[in-house]
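Q: Here the protein sequences line up with chains A and B, keeping their order. Going by our numbering, the first residue of the first sequence is number 1, and it counts up by one from there. Going by our numbering, the first residue of the second sequence is number 1, and it counts up by one from there.
Among the hints, erroneous ones may be present.
As the list claims (entries may be wrong) - Chain A stretches covered by chain B per the calculated footprint, using a threshold of three residues with CB under 8 Å from any CB of chain B:
1) 99-106
2) 109-121
3) 211-224
4) 241-247
Unchecked claim - Per label pair, the in silico range of CB-to-CB distance:
5) Ser239/A <-> Thr14/B: 51 to 59 Å
6) Asp123/A <-> Thr50/B: 54 to 62 Å
7) Gln39/B <-> Trp176/A: 30 to 38 Å
Stated by the list, open to error - Not the full set, but computed from the structure, chain B residues with beta-carbon under 7 Å of chain A:
8) Gly6
9) Val13
10) Ser15
11) Gln37
Simulated from the structure, these hints should not be mistaken for laboratory data. What you are looking at is a predicted structure, and each value in this text was computed from that prediction instead of being measured. All residues carry an ideal CB built from backbone N, CA and C; glycine is no exception.
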Amino acid sequence: MTLIDLANPTRFLALTARVLPWLAAATVILLTIGLYQSALAPDDYQQGATVKIMFIHVPNAWLSMFVWGVMSIASLGTLVWRHPLADVAAKAAAPIGAAFTFLALLTGSLWGRPMWGTYWEWDARLTSVLILFLMYLGLMALWRAVDDPSRAARAAAVLTLVGAINLPIIKFSVDWWNTLHQPASVMRMGGSSLDKSFLIPLLVMAVAFTLLFVTLHLAAMRNEILRRRVRSLQMMQASRVAFSSEMGTGSREETASKGAA
Amino acid sequence: MIMSLGPYASFIVTSYAAVALVVVILIGWIVLDYRSQTQRLRELDRSGVTRRSGRSAVDTP
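Make a model of the complete structure from these sequences and hints.
A: Okay, here's the thing in structure tokens:
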């Protein structure tokens with residue numbers, strides 16, 4: 001099945017019906033393994049047991065950017081290729097991305113209090129992620145503010161692509177500015193600086209959360225397609241009612257004019 | 001085996017609980033939204049509104 005085949009919403013719904021149970025099962029299995037490995041991971045020599053927060057903070061932080069990346073590609077799909085499912089994908093991803101970004105901020109804050117002595121610091125990394133969270137909320141508000149989905153899609157696509165400028169700023173903020181947030185320790189030149197006892201649970205949790213996102217995103221896209229189907233049927237129903245009442249008024253007027261004559 | 005979380009146990013437990021809560025809310029919202037949309041499609045189908053293709057409104061393969 002190619003991307004062109006998936007342009008047909010009915011085919012996409014058939015695909016999600018087949019794939020979703022498997023994706024959900026794989027997510028549960030990987031999350032269970034990841035949580036088990038996180039529980040068994042040793043304490044860090046500096047952070048102690050607080051290092052366990054990293055196993056959920058880092059996947060959420062990765063996903064906060066990854067989801068915006070997915071939305072940016074979908075936005076290109078809306079503006080350039082006019083793929084029928086592109087704006088469905090972008091709209092469905094926004095609340096999920098907002099939830100992951102919120103969790104990245106919250107878990108980072110809960111880690112920061114014992115480690116840095118503060119819940120919040122206006123440094124470049126934290127501030128740029130907060131801006132990302134606000135952009136997610138703004139995008140969701142924009143989708144709700146415009147009634148026509150195709151008009152909303154174009155405006156949201158432009159905003160998403162402009163907002164994508166924030167992704168490299170978030171990623172490289174720890175290198176460009178002097179921040180309280182530590183520099184990259186997994187994805188960096190020269191390989192990861194983490195010990196395997198931390199790296200393996202972290203990667204398993206990252207893959208598990210990514211699968212969770214894919215599962216939730218497909219389910220949310222399915223809901224959005226059904227919502228649009230409901231909308232178009234309701235409009236069809238409303239136009240039929242208007243047409244029949246118009247016909248009724250027309251025939252009554254005709255009868256009245258005949259009677260007057 | 002009882003896991004020792006040290007002096008900052010409350011921060012660790014709160015983090016995991018918050019993630020679990022938000023993920024459960026996300027799943028619940030998506031499941032409820034799906035039920036709501038299929039319910040509305042069934043109601044439209046009962047009122048005789050069909051898609052241009054002639055298929056039933058609830059026809060989701």
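Q: Evaluate each hint against the coordinates.
A: A quick look at each hint next to the structure:
1. 99-106: With 4 residues closer than 8 Å to chain B, the region 99-106 of chain A meets the three-residue bar; holds.
2. 109-121: holds (count 4)
3. 211-224: holds (count 6)
4. 241-247: Per the Cβ count (0), the hint is violated.
5. Ser239/A <-> Thr14/B: 51 to 59 Å: For Thr14/B against Ser239/A, whose Cβ atoms are near 53 Å apart, the range 51 to 59 Å holds.
6. Asp123/A <-> Thr50/B: 54 to 62 Å: At roughly 58 Å between Cβ atoms, Thr50/B and Asp123/A fall inside 54 to 62 Å, so the hint holds.
7. Gln39/B <-> Trp176/A: 30 to 38 Å: At roughly 51 Å between Cβ atoms, Trp176/A and Gln39/B fall outside 30 to 38 Å, so the hint is violated.
8. Gly6: With a minimum Cβ separation of about 4 Å from chain A (threshold 7 Å), the hint on Gly6/B holds.
9. Val13: 10 Å, violated
10. Ser15: 5 Å, holds
11. Gln37: 4 Å, holds
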